[in-house]
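Engineer: Modelling step: build the complete structure from the supplied sequences, incorporating the hints.
Residue numbers (the UniProt record's numbering), protein chains in the order written: chain E, 1 to 285; chain C, 1 to 308.
Note that these hints are calculated values from the structure, not bench results.
Among the clues, some could well be false.
[Claimed, not checked] Capping the alpha-carbon separation at 27 Å, the derived lysine-lysine pairs in DSSO-like fashion look like this:
(1) C:Lys105 - E:Lys164
(2) E:Lys111 - E:Lys164
(3) E:Lys111 - C:Lys105
(4) C:Lys266 - E:Lys245
Treat the numbers as computed from the prediction; the structure is a model and nothing was measured.
So you can see what is in the structure, the chains are spelled out below.
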Amino acid sequence: MRRAGTLAALGVALSLFVSAAGALAQSPRVEPAPATRPAPTIGGPPDAMAPPSVPTEPTTPDLIVDLSLARVSITSAFQGESILMFGMFDPPGEIVVVVAGPAARETVMRKQRFLGIWLNTGRQSFDDVPAYYAIAASQPLQRLLARSAGGEILSLEDRLASVKPATPRDAADLARFRAGLVEVKRREGLYPAAIGQVTVQAGRLFRVDLPFPSRLPEGVYEVRVYLLREGKIVAAVSRPLPVGKVGFSAQLAGWASHDGTLYGLGAILMALLVGWIGGSVMRRL
Amino acid sequence: MEIYLPIAELSMNVFLLLGLGAAAGLLSGMFGVGGGFLATPLLIFVGIPPAVAVASQANQVVANSISSLQVQWRRGNVDLRMGLVLLAGGMLGSSGGVWLFTYLKRIGQIDFVIAVLYVVMLSTIGLLMLFESLRSYFRRRRNPEAPRGKLHTHYMVHRLPLKLRFYKSKLYISALLPLGLGFLIGILSAILGVGGGFVLVPAMIYLLGMPTAVVIGTSNFQILFVAANVTFLQAATNGTVDVVLALLLILGGVVGAPIGARIAAKLPGLALRALMSILILAVAAELLTELLRTPSSLYSLGSREVLR
Numbered sequence: 001m002r003r004a005g006t007l008a009a010l011g012v013a014l015s016l017f018v019s020a021a022g023a024l025a026q027s028p029r030v031e032p033a034p035a036t037r038p039a040p041t042i043g044g045p046p047d048a049m050a051p052p053s054v055p056t057e058p059t060t061p062d063l064i065v066d067l068s069l070a071r072v073s074i075t076s077a078f079q080g081e082s083i084l085m086f087g088m089f090d091p092p093g094e095i096v097v098v099v100a101g102p103a104a105r106e107t108v109m110r111k112q113r114f115l116g117i118w119l120n121t122g123r124q125s126f127d128d129v130p131a132y133y134a135i136a137a138s139q140p141l142q143r144l145l146a147r148s149a150g151g152e153i154l155s156l157e158d159r160l161a162s163v164k165p166a167t168p169r170d171a172a173d174l175a176r177f178r179a180g181l182v183e184v185k186r187r188e189g190l191y192p193a194a195i196g197q198v199t200v201q202a203g204r205l206f207r208v209d210l211p212f213p214s215r216l217p218e219g220v221y222e223v224r225v226y227l228l229r230e231g232k233i234v235a236a237v238s239r240p241l242p243v244g245k246v247g248f249s250a251q252l253a254g255w256a257s258h259d260g261t262l263y264g265l266g267a268i269l270m271a272l273l274v275g276w277i278g279g280s281v282m283r284r285l
Numbered sequence: 001m002e003i004y005l006p007i008a009e010l011s012m013n014v015f016l017l018l019g020l021g022a023a024a025g026l027l028s029g030m031f032g033v034g035g036g037f038l039a040t041p042l043l044i045f046v047g048i049p050p051a052v053a054v055a056s057q058a059n060q061v062v063a064n065s066i067s068s069l070q071v072q073w074r075r076g077n078v079d080l081r082m083g084l085v086l087l088a089g090g091m092l093g094s095s096g097g098v099w100l101f102t103y104l105k106r107i108g109q110i111d112f113v114i115a116v117l118y119v120v121m122l123s124t125i126g127l128l129m130l131f132e133s134l135r136s137y138f139r140r141r142r143n144p145e146a147p148r149g150k151l152h153t154h155y156m157v158h159r160l161p162l163k164l165r166f167y168k169s170k171l172y173i174s175a176l177l178p179l180g181l182g183f184l185i186g187i188l189s190a191i192l193g194v195g196g197g198f199v200l201v202p203a204m205i206y207l208l209g210m211p212t213a214v215v216i217g218t219s220n221f222q223i224l225f226v227a228a229n230v231t232f233l234q235a236a237t238n239g240t241v242d243v244v245l246a247l248l249l250i251l252g253g254v255v256g257a258p259i260g261a262r263i264a265a266k267l268p269g270l271a272l273r274a275l276m277s278i279l280i281l282a283v284a285a286e287l288l289t290e291l292l293r294t295p296s297s298l299y300s301l302g303s304r305e306v307l308r
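Structural biologist: As structure tokens, then:
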């Protein structure tokens with residue numbers, strides 16, 4: 001199933017590549033990088049039809065992306081999902097993909113030995129912590145970001161440095177709690193330690209697998225794709241990726257959160273019925 | 001085969017959960033207690049969040065107690081008056097317990113409190129049972145024809161005010177005693193997700209002095225309503241009851257319970273009690289080492305709060 005989906009997605013990517021070779025700059029999703037934004041033009045770059053050999057004024061290079069699935073659906077059989085992201089860019093350049101989950105307040109708790117027993121003694125809340133954070137790149141990230149990437153936050157370290165503590169605390173201890181947060185998230189597969197590999201074919205077609213673990217918080221995730229040239233972001237595209245429960249699990253979870261009273265009564269009724277019938281049947285056997 | 005648990009928000013093996021339910025059912029069939037005291041720590045151990053494990057286990061206890069109450073009621077083994085007094089205390093205790101649970105969860109100490117309560121309770125009960133069964137074993141060997149003594153021993157506590165006659169239990173004791181007992185069991189039930197049978201049954205026999213025949217039925221009666229109250233309050237206030245998880249545990253339990261009853265019928269009561277006490281002590285020892293051992297990670301996360 002997954003292989004078929006991947007193949008289909010690749011096919012789409014290839015056809016995109018072929019059609020894009022004829023008429024470039026038709027994608028409305030291209031956003032110019034904030035640092036190099038030229039005078040705003042309506043209807044795409046004016047020199048789209050210019051012969052490529054003629055040197056032109058620096059305009060926004062093309063960057064087109066798509067995902068193999070429009071959303072991550074958490075069904076009763078959900079065990080994590082891998083989504084293929086693919087696209088095309090104007091060479092030269094390198095691609096960096098950042099996937100960030102919705103931000104929320106997280107409370108980190110730290111255990112300490114007290115009278116021989118380990119218990120939570122310290123706690124620190126952080127606002128604006130992404131539920132999920134993964135990076136993929138076509139080159140080792142250090143090399144791509146040797147120089148400042150134009151104020152854009154890419155690495156997890158930079159992203160978490162911007163996370164605000166809800167209560168003040170001295171810097172060294174705050175750093176320990178921040179490291180603890182990364183440690184827990186990493187254990188749950190929500191902050192993958194490894195940087196994913198973006199594969200580039202024919203110098204301009206790229207693809208990357210975005211893995212999502214089974215313990216995935218719901219919300220609208222953001223997939224950002226950057227085109228870097230000489231360590232500078234020259235184009236960026238952002239796509240929302242909704243993650244949510246669907247079908248039976250969505251109905252149950254929705255019921256539990258919207259009408260806990262009725263859900264509770266339903267749960268009791270279910271237990272009484274199954275217990276009564278199951279007990280009677282098993283005693284007959 | 002994996003299944004996604006919508007409230008616990010993770011996927012888990014179906015057969016693992018069915019097996020856990022069956023193990024708990026086996027215990028309940030063998031010993032007449034819920035088996036929740038074993039299932040809840042195991043659920044937490046395999047990665048279910050403690051709040052969800054406790055609340056869903058309470059839901060499982062409802063099914064477990066209705067299925068054994070069916071039989072006990074038909075045999076007339078329920079002391080309704082005693083059951084109602086216990087239940088009055090139990091309702092108060094479990095409602096307060098759910099409130100306490102919510103508070104402890106907010107300050108991040110619920111895991112610790114669950115573990116400590118389990119260790120204290122299981123080791124006390126386990127040691128008492130082991131001691132008692134060893135003593136009766138040696139007494140029987142020394143004097144197999146020992147005459148039965150008084151119906152039950154009268155303690156000071158039986159003489160408290162509000163004395164009530166419990167005909168079926170052949171008791172004339174203060175109602176405050178079963179009321180207080182029910183209250184304590186209610187709190188335990190809410191915080192630990194157990195029916196509390198493993199505390200209630202020995203307490204009814206040794207503390208209240210009830211005849212063994214009506215103990216199981218009466219405790220089942222109280223546990224059914226207390227567990228239903230805990231399920232309801234946990235669902236309404238914390239939204240932590242996972243019915244998919246509960247259903248799998250119940251289905252496992254339905255199969256396990258009659259097998260346990262069949263095993264119990266073949267084993268002598270003394271051996272059964274000794275076996276149970278050893279099992280309880282083993283769970284207590286495991287939980288204690290868990291508390292004392294240096295954890296693999298010092299850090300954990302509380303619940304996420306989406307800010308508006």
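Engineer: Taking the hints in turn, state whether each one holds.
Structural biologist: Tested hints:
1. C:Lys105 - E:Lys164: Roughly 23 Å between the alpha carbons, so the hint for C:Lys105 and E:Lys164 holds.
2. E:Lys111 - E:Lys164: With a Cα-Cα distance of about 22 Å, the restraint between E:Lys111 and E:Lys164 holds, given a limit of 27 Å.
3. E:Lys111 - C:Lys105: holds (15 Å)
4. C:Lys266 - E:Lys245: violated (48 Å)
Consistency with the previously given hints fails for number 4 only.
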